[in-house]
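Residue numbers (our numbering), protein chains in the order written: chain A, 1 to 215; chain B, 216 to 430.
Be aware that a few hints might be false.
Only some residues are given here: those of chain B computed to face chain A with a beta carbon under 8 Å [unchecked claim]:
| id | residue |
| --- | --- |
| 1 | 245 |
| 2 | 412 |
| 3 | 415 |
Calculated from the model, a selection of chain A residues having no Cβ within reach of chain B, i.e. all distances over 10 Å [as the list claims (entries may be wrong)]:
| id | residue |
| --- | --- |
| 4 | 63 |
| 5 | 129 |
| 6 | 168 |
| 7 | 193 |
| 8 | 207 |
I should point out that these hints are in silico values taken from the structure, not numbers from a laboratory.
No residue lacks a Cβ here, since even glycine has one placed at the ideal position from N, Cα and C.
2 protein chains.
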Amino acid sequence: MGKVFVELSVSLDGFVAGPNPSLEHPLGEGGELLHEWAMGLEAFRERHGMSGGEQNPDSEIVAESLAGTGAVVMGRRMFSGGEGPWEDDPNADAWWGDDPPFRVPVFVVTHHPRKPVEKQGGTTFTFVTEGVEAAVERARAAAGSANIQIAGGASVGQQALRAGLVDELQMHLVPVLLGEGTRLLEGLSAGDAHLERVRVVDSRAVTHLWYRIVR
Amino acid sequence: MGKVFVELSVSLDGFVAGPNPSLEHPLGEGGELLHEWAMGLEAFRERHGMSGGEQNPDSEIVAESLAGTGAVVMGRRMFSGGEGPWEDDPNADAWWGDDPPFRVPVFVVTHHPRKPVEKQGGTTFTFVTEGVEAAVERARAAAGSANIQIAGGASVGQQALRAGLVDELQMHLVPVLLGEGTRLLEGLSAGDAHLERVRVVDSRAVTHLWYRIVR
Numbered sequence: 001m002g003k004v005f006v007e008l009s010v011s012l013d014g015f016v017a018g019p020n021p022s023l024e025h026p027l028g029e030g031g032e033l034l035h036e037w038a039m040g041l042e043a044f045r046e047r048h049g050m051s052g053g054e055q056n057p058d059s060e061i062v063a064e065s066l067a068g069t070g071a072v073v074m075g076r077r078m079f080s081g082g083e084g085p086w087e088d089d090p091n092a093d094a095w096w097g098d099d100p101p102f103r104v105p106v107f108v109v110t111h112h113p114r115k116p117v118e119k120q121g122g123t124t125f126t127f128v129t130e131g132v133e134a135a136v137e138r139a140r141a142a143a144g145s146a147n148i149q150i151a152g153g154a155s156v157g158q159q160a161l162r163a164g165l166v167d168e169l170q171m172h173l174v175p176v177l178l179g180e181g182t183r184l185l186e187g188l189s190a191g192d193a194h195l196e197r198v199r200v201v202d203s204r205a206v207t208h209l210w211y212r213i214v215r
Numbered sequence: 216m217g218k219v220f221v222e223l224s225v226s227l228d229g230f231v232a233g234p235n236p237s238l239e240h241p242l243g244e245g246g247e248l249l250h251e252w253a254m255g256l257e258a259f260r261e262r263h264g265m266s267g268g269e270q271n272p273d274s275e276i277v278a279e280s281l282a283g284t285g286a287v288v289m290g291r292r293m294f295s296g297g298e299g300p301w302e303d304d305p306n307a308d309a310w311w312g313d314d315p316p317f318r319v320p321v322f323v324v325t326h327h328p329r330k331p332v333e334k335q336g337g338t339t340f341t342f343v344t345e346g347v348e349a350a351v352e353r354a355r356a357a358a359g360s361a362n363i364q365i366a367g368g369a370s371v372g373q374q375a376l377r378a379g380l381v382d383e384l385q386m387h388l389v390p391v392l393l394g395e396g397t398r399l400l401e402g403l404s405a406g407d408a409h410l411e412r413v414r415v416v417d418s419r420a421v422t423h424l425w426y427r428i429v430r
């Protein structure tokens with residue numbers, strides 16, 4: 001059985017998104033700084049249908065994570081790209097385009113029921129209205145022996161951590177300060193998760209930290 | 216000229232102290248978890264007048280930091296060990312004992328003027344009422360070519376970061392969650408400090424992160 005992991009880029013002051021998310025800044029103001037490290041990597045570009053890019057330890061880590069992932073769980077806002085018009089238009093699914101980079105079944109935690117959407121390249125979006133636990137269960141069934149990535153946002157990650165659904169936390173620690181925004185580890189205490197360091201990989205741009213969650 | 220560095224143990228959720236600091240829990244409830252990694256190390260024990268202890272990469276890092284430090288800056292609360300009776304008793308300086316582990320001049324940022332205190336082993340406490348910038352200036356003069364450690368608490372560290380006095384941030388990232396307490400990087404934004412990763416050293420217990428602050 002695969003493991004359930006939360007994977008997020010985090011600023012040194014603990015934010016996974018900046019303040020005031022919008023369609024223009026889906027990760028909040030300054031939030032794009034958290035993901036700059038990944039943009040130029042070969043593994044990232046390949047997933048987004050582009051050739052070329054850097055081959056380095058960061059790219060290997062992205063490739064490793066993508067290769068091991070059999071299903072993805074995300075929140076409604078990550079699906080729709082911020083505070084978009086999606087809730088008024090139940091057929092809108094334009095944010096990730098026709099060929100989204102996931103290439104596995106994606107389970108979207110939402111209050112708004114809708115029919116599944118099948119995209120090119122192996123990505124399907126299925127909408128789960130019974131909460132994060134049900135979404136992880138569906139993802140587990142879809143992933144088989146592969147891993148289940150809880151991709152974000154912070155709210156779904158926190159819900160999964162609090163519910164004891166997460167086996168591993170993967171943080172890409174980025175040396176920037178955002179000052180305000182949304183934290184991943186907010187309102188969680190030692191009782192919610194006991195952590196054990198698994199692996200640390202360091203590059204010029206970012207420090208990758210893996211923690212096992214021991215129950 | 217030596218560098219000015221802030222060195223603090225930080226929980227994975229960004230806290231340098233737990234909630235409700237008291238004489239019993241000077242680092243707040245749960246705060247002692249942040250320092251467990253250091254307690255058994257040879258370099259730590261030696262500084263505290265004890266023999267034995269573990270020799271490992273963590274101990275080397277502690278030894279390296281201590282050896283390079285020529286003066287220390289700290290806040291009043293760190294000097295007096297939490298919410299103690301110190302402000303009512305201007306002669307009290309019992310918290311760190313007769314033989315404190317600093318063994319260099321220590322400059323305490325406080326609103327309460329008092330005479331310097333000389334302890335055994337090379338530690339002197341000098342009280343600076345003109346703010347953190349003045350304390351760093353005095354520490355710089357005392358340290359000569361050695362480094363100046365801003366030892367804590369979070370408030371003095373933040374003041375120094377905001378005032379542009381800090382050359383390097385050294386975080387010992389501890390895999391625990393405190394849930395609440397005092398954060399080092401609170402209310403600081405990209406404008407206050409631009410960070411460059413210098414070095415990462417990883418051990419079973421803790422991840423040591425060094426960032427240069429570029430102005």
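Right, here's what the structure says about each hint:
Checking residue 245/B against chain A: minimum C-beta separation of about 7 Å stays under 8 Å; hint holds. Of the supplied interface hints, the one on residue 412/B holds, with its beta-carbon coming within about 5 Å of a beta-carbon of chain A, less than 8 Å. Because the smallest distance between the Cβ of residue 415/B and any Cβ of chain A comes to about 4 Å, under 8 Å, the interface hint for this residue holds. Distance check for residue 63/A against chain B: the nearest CB is about 21 Å away, which clears 10 Å, and the non-interface claim stands.
Interface exclusion of residue 129/A from chain B stands, the closest Cβ pair being 29 Å apart, more than 10 Å. For residue 168/A, the non-interface assignment is confirmed: its Cβ lies about 12 Å from the closest Cβ of chain B, beyond the 10 Å cut-off. Annotated as non-interface, residue 193/A brings its C-beta within 10 Å of a C-beta of chain B; the closest such distance is 6 Å. Not every Cβ of chain B is farther than 10 Å from the Cβ of residue 207/A; the closest lies at roughly 5 Å, contradicting the non-interface assignment.
The structure is inconsistent with the numbered hints 7 and 8, although it conforms to all the rest.
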